[in-house]
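The residues making up each chain are set out below.
Number of protein chains: 4
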Amino acid sequence: MKKIKIGVVGLGRLGRKHAENVAFRIPNAELLAVCSVIEDEVKQVQQEWGVPYGYTDYYEMIKNKELDAVLIASPSGEHCKHLEAALDAGLHVFCEKPLGVNIEECLNAEKAVEKHSDKVFMLGFMRRYDASYAYAKKKIEEGYIGKPILVRAYGLDPESLVEGAIRFAKTSGGIFLDMAIHDIDLARWYLESEPEKVYAIGGSYLHKEFGEFGDCDNACAMMQFKNGTMAMIYVGRTAPHGYHVETEIVGTKATLRISSVPQKNLVTIYDQNGAVQECVSGFVERFEQAYLNEVQEFVNCILEGRKPSVTVYDGTLSTKVAYAATEAYRKNELITID
Amino acid sequence: MKKIKIGVVGLGRLGRKHAENVAFRIPNAELLAVCSVIEDEVKQVQQEWGVPYGYTDYYEMIKNKELDAVLIASPSGEHCKHLEAALDAGLHVFCEKPLGVNIEECLNAEKAVEKHSDKVFMLGFMRRYDASYAYAKKKIEEGYIGKPILVRAYGLDPESLVEGAIRFAKTSGGIFLDMAIHDIDLARWYLESEPEKVYAIGGSYLHKEFGEFGDCDNACAMMQFKNGTMAMIYVGRTAPHGYHVETEIVGTKATLRISSVPQKNLVTIYDQNGAVQECVSGFVERFEQAYLNEVQEFVNCILEGRKPSVTVYDGTLSTKVAYAATEAYRKNELITID
Amino acid sequence: MKKIKIGVVGLGRLGRKHAENVAFRIPNAELLAVCSVIEDEVKQVQQEWGVPYGYTDYYEMIKNKELDAVLIASPSGEHCKHLEAALDAGLHVFCEKPLGVNIEECLNAEKAVEKHSDKVFMLGFMRRYDASYAYAKKKIEEGYIGKPILVRAYGLDPESLVEGAIRFAKTSGGIFLDMAIHDIDLARWYLESEPEKVYAIGGSYLHKEFGEFGDCDNACAMMQFKNGTMAMIYVGRTAPHGYHVETEIVGTKATLRISSVPQKNLVTIYDQNGAVQECVSGFVERFEQAYLNEVQEFVNCILEGRKPSVTVYDGTLSTKVAYAATEAYRKNELITID
Amino acid sequence: MKKIKIGVVGLGRLGRKHAENVAFRIPNAELLAVCSVIEDEVKQVQQEWGVPYGYTDYYEMIKNKELDAVLIASPSGEHCKHLEAALDAGLHVFCEKPLGVNIEECLNAEKAVEKHSDKVFMLGFMRRYDASYAYAKKKIEEGYIGKPILVRAYGLDPESLVEGAIRFAKTSGGIFLDMAIHDIDLARWYLESEPEKVYAIGGSYLHKEFGEFGDCDNACAMMQFKNGTMAMIYVGRTAPHGYHVETEIVGTKATLRISSVPQKNLVTIYDQNGAVQECVSGFVERFEQAYLNEVQEFVNCILEGRKPSVTVYDGTLSTKVAYAATEAYRKNELITID
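Residue numbers (my numbering), protein chains in the order written: chain A, 256 to 593; chain B, 256 to 593; chain C, 256 to 593; chain D, 256 to 593.
These are computed hints drawn from the structure, not numbers from a lab. The structure presented is a predicted model; accordingly, all values stated were derived computationally and were not measured. Wrong hints could be hidden among the right ones.
The list makes no distinction among identical chains, and a pair is therefore deemed to hold if it is satisfied within one copy or across any two copies.
Cut-off 27 Å, straight-line C-alpha distance, at most; resulting in silico cross-link-like pairs (DSS-like, lysine-lysine) [to be verified]:
#1 K394 / K508
#2 K402 / K586
#3 K463 / K508
#4 K508 / K425
#5 K320 / K519
#6 K366 / K394
#7 K394 / K463
#8 K425 / K258
#9 K586 / K393
#10 K481 / K508
Using the sequences and the hints, build the whole thing.
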């Protein structure tokens, strides 16, 4: 069996998860190399999992002629440089979201991908590869819900993790770029159109610290799409019950609602509180399988000479909308996206 | 509009509820008289609701020539005597469950009812008149589930009310007569047959006091019906979450499950516990509308010259099965019901 | 027991329901008179329910000196005239929504109510009196959810009733005035503030006929409130599954979601489709008890010398917001409400 | 990283799944060999996945000195011979359920395991390794539900697969051995005791063919355990909605219910049927991750010198109970298990 040899850059929580998946859970892939600026991380992973090559310099790693592909989980500010260099080095690229930290970077990324159209490029909008989200898409493609007319999407981080978000507030780009971008991608994907008008509101209702950076802890955006359809997005950082990602697609014939209760598992507890379903604690717990599926799809695309459904343009367009929502929120105005 | 004039005997929690329903919520009925051995109760209800007649002696009340019917909510030990006297006095009778406290009483009640076949007699198996239970019956009658083959029924009282049950333990007749009788009636109703074999087990797992009276705090019974169908019943007095009555009817084509979560209302609370549905606290809260519906049906039957679907025989037969379950539990044997 | 004597004007579906409730289900009320321009309706109701007085002329009815109060369920265009005349006649008034068909009418209604401040005036925002909605309000008042920051409200009519809506489209005032006004009232009630900015979008996705009248079949509105809180409203006329009214109140400490599934009853059906909960078919089925509760509250207010929580101003303010949403939708602009 | 080298015998649906898991999803394991009497299966798997060794003779395979362990997924009648030979050959053994096809075989298996107490032996009761089942066990061990007093377990195969069950009816051992054994194991595990009395009933309600072999298509069993606790089990082969495995553990302080709706995924569909959750189609779909987890645990036990929680005795004891239930059903008697 042909195995795609992959190098992973970035060994933070998500990078490590990706590396582990490549190493052990993707039959037709091999974790050939890992790279991190923290040398100890590299050594530890190499030893623990028997990874042949380790690097502290990304540009050294991509010179490795045995590599077929890289998986980029480095800090957001590095994504564009890393993906361009990898493509130029003749490698297939899987890149974590966001594509870039501003539109210029995204447009540069587009050019790099276009220049290497023989290479597979994929962006990590993992929700599309979650079993339930993929199932909804399939139902829609089969015509089951008629024409999709509205997407309602919630993306809520748990209050229990808010301290990290506060520390990250200065550089996160704000709640729309940091969080809503996933929901924006989903709305675009399900509605098969691009937002044209966006209005957004929000506030720092519980944690004033976000306000100091022009950001907020809970926010809503409403969008009109070019094909006349609609999206309502709610993102927040203070959910008391856990990590709540919920998406609803209203169609002219049926409606699909994904994860109305972000259930931890299939257990219902009947106790003095009533009938209780515990909730997932974070994105890794919720989307563990999706993180695996997306990289599996990336590898399959390489092997089968296909292109994945998430393109570089999805990255640019979602970023553009997130910027427009941020502007709408900051100016308290309706923004037209050009 | 012709109004049925009703006298209510027994002004405890349930009797009072019935009286209130007759007085105010049943268009074609009138609360003509109330009766209780506690004179103050009688006076209070008369004054508050403007009830024409009040009695402390039941036998005086049924002499009242204006009366069309009585509603018996007196202590269980009085039911049979009260219903017989009322029928003999030419009155229609609605009688709270249980029909009698032993089989002999039930058989006497049957005779009294048969003697007055021109009168409407109805037994208070209110669950049959709950919207969801009635809906399930209708679905079954329409053939939607094919042939019903199994009824699973739960009847659980909340731990918060256990003190009352302990005080009542000596005279309650045990958990099968006191509680499971409703579930037995439902199983008979949905399966359209009579139990032939019953095995029962249980224990005083939390409150040893029940054991002192040959009773228990949680118990299960399994029954084989004459038509080959099955029932599994679970009754308990220690539910931490509230009053939990749940019934499932498995058919060859579909299954109906009623009240898998005994929800208090339509609110889901997302809090630090997860996604929570609060539960109903007791039988009056759960079956408030059913208590009204059954008496409305009683009144309609009188006015329309019909007989209700709950007959005196349902009382006898369910009692018989409850006794057999009690015997099975006490002897730890499989009991054949003759 | 003192009974409030009520005259009901309008004997359409809802007026008849109100009349029936007054006649039979509200202990301390009496249906003294009914009024409709259709004489047969009046006669039929009088005969069937034994109503003492019948009228085809509203202004005749309110001259009846035995009356304490009127319940107005006449066509929307008559509401303001009817309520003013009744107040001037010394009667308490319960008025179905909408308060008026334009702001001027609403302001006139306010003046009439203010002139007769000794009278009870109540507007029929019945959702506030639904057990689940009232429970949510209570939870909020107790501080359980912290500070409410977002209301999401759905008000969806079933596709099965769309023909009626199409016929009514010309005069309905549009989807925001006709339908969203309930959701607007709820958002105002739960957030305890008034909307300041509103953006709205929508379309005639399934039934082009609505577009001919400047209306649409599905629409969304997003609002920023003066206290910085948010609301997202979705209204539609094409729900395939039934009548779907759902409301969520997100707070800083907990979230309450009301009726995520608009269940018909407590039965879950397991069949070849999966696990199915059937849904309610329309507003009368869903809010039957709320329609009763609100009139009961009206009567209690009269008897106890209290004022109900729904005031005439709720009518004006909700109407104002509905107009602003309509304007936002028609101009595709963000509207500031003065 | 040390990898456990495993040989898999049996390449049917489940055997192939196990082999695939060992090959690709268990980091510290390696699929060294596969064995099947069907040579083509062996060759295909070897080629497709690059498996070093292939056998058509199991006894040849276990001579391979590179092997650390075998995974037995051969026909049930071979299990005991295969496991004994493997243990004698110095290999660790993972054996699919059932342990044996009669008690004698099970006792022989016990002896073989006891003789090689230095080897890891594990039986494939995979449900214990499902995330929700394991979570319930953890909650119980933490004391959250107080003392467990009742297990209710459902194990229902979909009607869509009944043809296979009919063909298999002659040799399946009957519904209790074939299906309820999983539920029996769960009840024993959660209640921490052994059944002492069992009564069982059932029927061939939809498919008379089962009756011809003394079997049935739906059956119930009720059991009293030595520690006084209770179990109610319902197994069936005609579920219209899919594969329905549901388990409830009632405790003195709380109740846990696992998978009340055997949901296919997190999507709720609102369509003309109502609010619908589609259901899983079969055991592989439902327990895919559990099949992986159990073998991962097997491998971890080998590497860490631990013994798994499922022992050979669990196999014998559950089999014994399944036989007793079969006897109870066939004789329509209460059976005491010695």
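Here is what the structure says about each hint:
1. K394 / K508: Intra 12 Å, inter 26 Å, cutoff 27 Å: intra and inter.
2. K402 / K586: Between copies only: 25 Å across, 33 Å inside.
3. K463 / K508: between (43 Å within a copy, 16 Å between copies)
4. K508 / K425: So K508 and K425 pass the 27 Å test across copies only (25 Å; inside, 44 Å).
5. K320 / K519: Neither: 43 Å inside a chain and 44 Å across chains, both beyond 27 Å.
6. K366 / K394: neither (34 Å within a copy, 54 Å between copies)
7. K394 / K463: The answer is between: 25 Å across copies meets 27 Å, while 42 Å in one copy does not.
8. K425 / K258: Close neither inside one copy (41 Å) nor across copies (45 Å); limit 27 Å.
9. K586 / K393: neither (38 Å within a copy, 36 Å between copies)
10. K481 / K508: This pair counts as within: shortest intra-copy Cα distance 21 Å, inter-copy 37 Å.
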